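Undergrad: Listed in order, the protein sequences are those of chains A and B.
Residue numbers for the first sequence follow the working numbering, beginning at 1 and rising by one.
Residue numbers for the second sequence follow the working numbering, beginning at 1 and rising by one.
There may be inaccurate statements among the hints.
For lysine-lysine, the following DSS-like pairs were computed, each having C-alpha atoms within a straight-line distance of at most 25 angstroms [said to hold, decoys possible]:
hint, chain 1, residue 1, chain 2, residue 2
1, A, K385, B, K133
2, B, K593, B, K604
3, B, K403, A, K91
4, B, K44, B, K403
5, A, K91, B, K502
A partial selection of chain B residues facing chain A, derived with a Cβ cut-off under 8 angstroms [unchecked claim]:
hint, residue
6, A126
7, F136
8, W299
No lab work stands behind these hints, which were simulated from the structure alone.
Just so you know, these numbers come straight off a predicted model, no measurement behind them.
Built from N, CA and C at the ideal position, the CB exists for glycine as well.
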Amino acid sequence: MADTLDTVAAQPALPLGPRPQIVMKNIFAPGIDQIETYRKHGGYQALEKALRQFQPDELLEEVKKSGLRGRGGAGFATGMKWSFLPPQSPKPRYLCVNCDESEPGTFKDRMLMELNPHQLVEGAIITSYATKVHHAFIYVRGELALAGRQVERAIREAYEAGFIGKNILGSGFDLEMTISRGAGAYICGEESALLESLEGKRGYPRLKPPFPAVVGLYGGPTVINNCETVATVPAIVTLGADTYGAYGTEKSKGTRIFCLSGHVQRPGNYELPLGTPMRTLIEDYGGGMRNGKKLKAIIPGGSSTFILGPDKLDTPLDFESVAAAGSMLGSGGVIVLDEDTCIVGAVLRMTEFYRDESCGKCTPCREGTFWLVQLLERLEHGDGKASDIDLLNDICDNISGKSFCPLGDAATSSITSSIKLFRDEYLHHVYAHGCLVGPHAKPAPATARETNQSRQSTPVGAR
Amino acid sequence: MAEQEELVNLTIDGQPVSVPKGSVIWAAAQKLGIEVPIYCYHPKMEPLGACRMCFVAVEKMPKLATACTTVVSEGMVVRTDTPAVKKARQGTLEFLLINHPLDCPICDKGGECDLQDFTLRHGPSASRFDLSKRHFQKPIPVSENILLDRERCIACQRCMRFCQTVAMEDGLVMEERGFRTEIGVNPDAPFDSNFSGNVVEMCPVGALTAKSYRFVTRPWELQKTGSVCGNCAVGCNVRVDVRVDKVLRQYSRTNDSIDDGWLCDRGRWDLDAINSLERLRTPLIRKGGKNSELQPASWDEALTLIATRLREITERDGGRAVGGIGSTHTTNEEAYLFQKLFRAGLGSNNVDHRHGRFPATERNGLPWVWSDSIAGLEKASHIVILGADPYHRQPIVDLRIRKAIRGGAQVYVVTPEPNRLDRLATGVIRYQAGQTGTIARALLNVVTAENLTRGDFAEKRSASLDARRTTVAQDTPERAAEIAGVDAAALRELAREIAGAKGAVILYDEMATLEPTGANLAADLLDLALLTDNFGRPGAGVGPLLEDNNSLGARDMGLLPDTLPGYRPVSDAAARAALGGVWNATLPSEPGKSYDEMLSGGVKALYVMGANPASDATPQQLAALNALELLVVQDMFLTETAKRATVVLPAVAYTEKDGTFTNTERCVQVVRRAMQPLPGAKADWEILRGVARALGLHWAYLSPAEILKEIGRATPIYAGVTRRALGDSGARWPLVPGERAADGRPALQSSPYLTWQMVEQGVARGIAAGELVAGRGRGE
C-alpha cells in the first residue's frame, strides 16, 4: 500500500513515520498550482480514467463504495447525496462546490484552493460527470481572495486544456464551470443560503423541503458538496474505492484533513485516517501543548460543536466516536484550549461571532444570540448574576431546535457544553467579579470558594 | 364545475378536520377555530418559516414543527397545547419583546397588534431580559405615506416580501443582518408603489404606520363596516373604518375573486372627499330668478321648486324638453331610479351619462363588457394590455396581472406611454397616442389575412369572418406603422401570439374607444377574441377596463338614451311593454338625446346627478348650460356645474348609504352604510324618491333593498338579484335565480365568463340573459 501512497517531501519533517497522503498529496510540490506541474504529478489522469473507464452511474457506485462522507460538517454520505438527484427533470441540474469555509477553527479548504486548485477543479469535473451535471459552480468565500484567484485561474487553464468545455477529452461530456465569490457572510456556507447567494439574492437559508437535490439552484436539481469532499474524488478514482475505503473506521472511511489550532506547538492541517485518536493529533502531530501548559478543553469540529474536556483526549476522530463522546466531528477544526484560557471569555468570543453572523431571518437566532452575548459580556466582566447561568441554558434551549437553520443550534453548543463542564468557572465570575484564570484573574471571595469546593450548583450567596 | 379537491384528514388537539391536500397545519387549525399565532406567515404569500411563532407538536416528529410550513398528511396528529409548544411560543415571544419598546399606549397599532394579542394569549407574563434594549430614532419615512419605527419591527419580512413577490417592484428591503436587521429602502429605488398601503395593513406590529392614520384614533374607537371601495371600477372589498363622522381608512375585506386580499393606496387612503368640510349640508336655490345668489333652502322648498318647474316645462314642451345626466359613481339603485324618473315619470328617454354612448353599442347592441373576470387572468397564457394603464387606473387588476405573470402568463403592453408593467412584459409595443383603433384593426388584419382564425365561432360564423376580412383588408401592420408609428413586425408577431395562445385576455381602456380612431375598437377587439377562440372560458376573453366604481352599473341600469335597463333597445316594443308592466307606465319609444346633445342646448331643463359636465365643457356648452330654464344639480360639492344650477341638492358619499355597485368585470356587489349621513344631506335614491313624490308619483321605496328587488324584476341580466342573494362577495351577471340555500337564503347563479353564444343570442334578444343562462342548464 505504501507504494501507491507518497509521503510529503516538502512538509517540515515530523518525528513520525509515513502517513497516508491522499487529498494533500503533492500539495506542497512547487508550482503545483500551475496546470503543467499538476499534470506532471499525475493531474487530470483521474479525470481521464473516470471518463474512459466509468459510466456516470458506475462512478457514483464507486464513490458510494468508498464510504466518502461530506467533509463540510454534517458528514452525509456523498454517493447517497448524489443519488438523490431525480433522474428526470425539466430543469437543468447543477453542481455547487461549497468553498465558503468560514467555520472558526477550520482552514483546510483555503489551503486546498490556494495551493492545489486544480485538484478541486478536477474533482468538480469528475463529480459533474458522475452526477450528469453540465454546469458546475464553485462558490468561494469572499474573504479568501487568493483562493478565489487561484481557483479562477485553474478553471481558466482547465478550459484552455480542454478539461472543461464541450466534449471533454472526446468523451462527449460537456461541462461549464463558473466561480462565484461570496460577499462575506457565514450563513452562505449553509447550503441553501449559498444557493440564494449564488442566485444574487440575500443570503437567507431556504425552507426545506424541498431539498436542493430536488429544487436547488435556479429551481434545478442541485448537488452541493464541500470543497474537500470534491477534492477527494480524484483520489478515489485513482486509487479505487477499496483502497481509499481501507483507511479509517468501518463507518467513517478514508482520511480527512484536521485543522489543528489553539494552544499547541505545531498548529496546522494534518491529513489523517479517520479514527486517529485525538491525542495522536494533538500530541504527536501538534507537538503537544504550548509552553508546557495543561490541556483544558478541546473543541473537536469547529466552533459549532460541543466542547469536550481533557478526559476525552483519547477519543478517536471519527464521526461515531466523537458523537459518543458528546460532540461532533463537524468540519474537522480541532481547537485546543490550555489551562490559562478563561472559558467564559472564549465562549463570549464565539457567541459574538454567531450574533454577528446570524442572518437575522428567524427570531430565536437573531434575538437570542443578541441576548446571550449581553449576558456573557456581563458575566465575563464580573457583573453577572448566578441566575444568569441558568438563564443562559434556558435561552439556549429556546434557540436550539427552534431556529430556522442549524446556525441557531450551533450558537448554543459552546455555551451549554461549557456550563456543563465549567459551571464553577462561571460562578467564579459571579462571585469574584472577574476571571478564574488568565490576565484578568481575580481570587475568589472566601464564601464562594467554599461553595465552589462543595460543588453545589446553586451557591449560598445566590439565595 | 371545479375539480373535486382531494381532502386530507387529520386531528388537531383531538378534533378531526379535513382540508385540501397541500394545506399547511395553520390553515387546518384556522378551520377549526384553533388559534396558532403567526407573524411571518401570510395566507397570500408562500410560507417563510422565519418568525418561529407557530410551533405545534406533531406526533412522530422529533422536533416541534412550524404550523405555517408543515404540510398536512393523512392521519396526522397535531397538538397545539403541549408544555413543549407553550414553552417554545413563550420563548419566541420573549425574544421578540427583548428589543421591542413597550410604547403600546402611544402606538397606533395598540389594540389591534398581533404582538400585543399573542403575548396576552401565548406569552410569558414577565420578561427575564434586564439589559438595555436597542434604540433607534423614532419614525423615519420610508415613503410619502408611510413611516417606519425600527424599534418596533420584529423582522417578520411580510412587508418586504409583499414588495418583492406580490407587487414585484422595488420597495422595502431587509438591511444589515442578525440583530442589526432592519427594514429599509434602496436609495436608488424609492418606495413609490401604488400598493404600498398593504404593508401597513400586513405589519403585525406598529413598525409601519400610515401618515394619515398616526395618532388620530385608537382601533377600539372605530366602527367597522364591510363594504365595497368606491374609488375605481375594480370594486375591491373593504372594511370601512369610521370614527364618529370621519372615515379614517379602508382595510381589505378579502374577496379572492376580485381583490385577492389587497387594496391600492387610492382606495385605502384617498378619502378626503368624504371627510371634506366643503361638502354641501343644505339644499340651495335661487329664489330671485337666474341672476340671484344661491341661498340655503329647506328640502321641501327645493323639491317643490324642482317638481313645479319640471311639470311646467314638460306640460309646455313635452318630455323631450327635459333631460337627465346621471352618474358613474352612484349606486345601481340610484342610476335605475334616475332613468325611471325620466322614462316613467317624465316620459323622456333623455338620460345619459358622461362616456355613456359607445359606438360599439350602436353597431350590434352588445354590452361590450369584460367577458372574463379578474380572477380568470390567472388562467391566461397571454395578457394583452391595449391602450390601458391599469397600474394607475385599475390598480388591483394590475396586481392580478402581476400574479398571472408569476404563474407564467406572458404580458404584452401595447400603449402609447411607458407603463409600469413594461419591466415585466414579454413584449412592449409603443404607438402614437390616439391610434388604439388602428392597432386593433391591424391585429385583426393579420389574423384574417394570415388565416389564423380558429375555433367554434370562426367555423360556425364564417360569414362574419368573411365580412371582417373585407373590412380590415387594407389595415395591415405596415400601414399602421405609417399612421401610428408602430413597429409593424412586432405587431404582426403579437397577432400571431394571440392567435396561437392557449388563452389570451385582451384588455383595453374604455377611454380608448373615445379616440378618433376608436369608434370600432370594442367591436374589433371582440371579433379578434372571437375569431381566435380566445373567448368563453376562464383565462380567455376581451373587455374594457372601465373608469369609475359604477361605470358598468350606470349602463346596465339604462342610463343611456337608447337603451332600457339590461341593454334592451327603447325601440323594442316587447321590452318596453315588459318594463312598462313592472313600472305600471307607458314608455316613450323614441331614443333620447345624448350627453353631448343635452349639453348643447338640446333640452330646456337639465337634471344632473353626481356629475360635473361644466368641468370640461366647451364654451358653447357652457353657454347652453347658462341658458337652461332649469338646472338641477345633485352632488356632494358645489361643483362648477352646481354653481350654475337653479337648485342644488346635497348628496352623500357611498360610505353613507346602502346600495350595489357593478364592477368592471360584471360583478354586482353590496355596498353598506358605514356611517351616519352628513346632516342635511341625503342619499341620491332618497332625493330621487322625494322628487318623484313631489311630481306626484307613487314611489314607496323604503330602502335600496326594495329598489334592488325591483331591478331584479325589471332587468333580465340582473334577474332575481337581492342583497341577501348577493351576499358578501357579489355575483357576476347575467344572473339567474338559483336554488335556495338550505337555510332558505336566496341564491343566484352567477356567470364567471360569457360565451359567444350568450353574446350572439343577447344581440338578437336584447340580452334576454335570464332565458339564456337558464337554457344552458344548471350546474354548468
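Undergrad: A separate judgement is required for each hint: does it hold in the structure or not?
TA: Status of each hint after checking the structure:
| no. | hint | verdict |
| --- | --- | --- |
| 1 | K385/A with K133/B | 19 angstroms, holds |
| 2 | K593/B with K604/B | 12 angstroms, holds |
| 3 | K403/B with K91/A | 22 angstroms, holds |
| 4 | K44/B with K403/B | 11 angstroms, holds |
| 5 | K91/A with K502/B | 22 angstroms, holds |
| 6 | A126 | 13 angstroms, violated |
| 7 | F136 | 14 angstroms, violated |
| 8 | W299 | 60 angstroms, violated |
Of the hints listed earlier, those the structure fails to meet are numbers 6, 7 and 8, in rising order.
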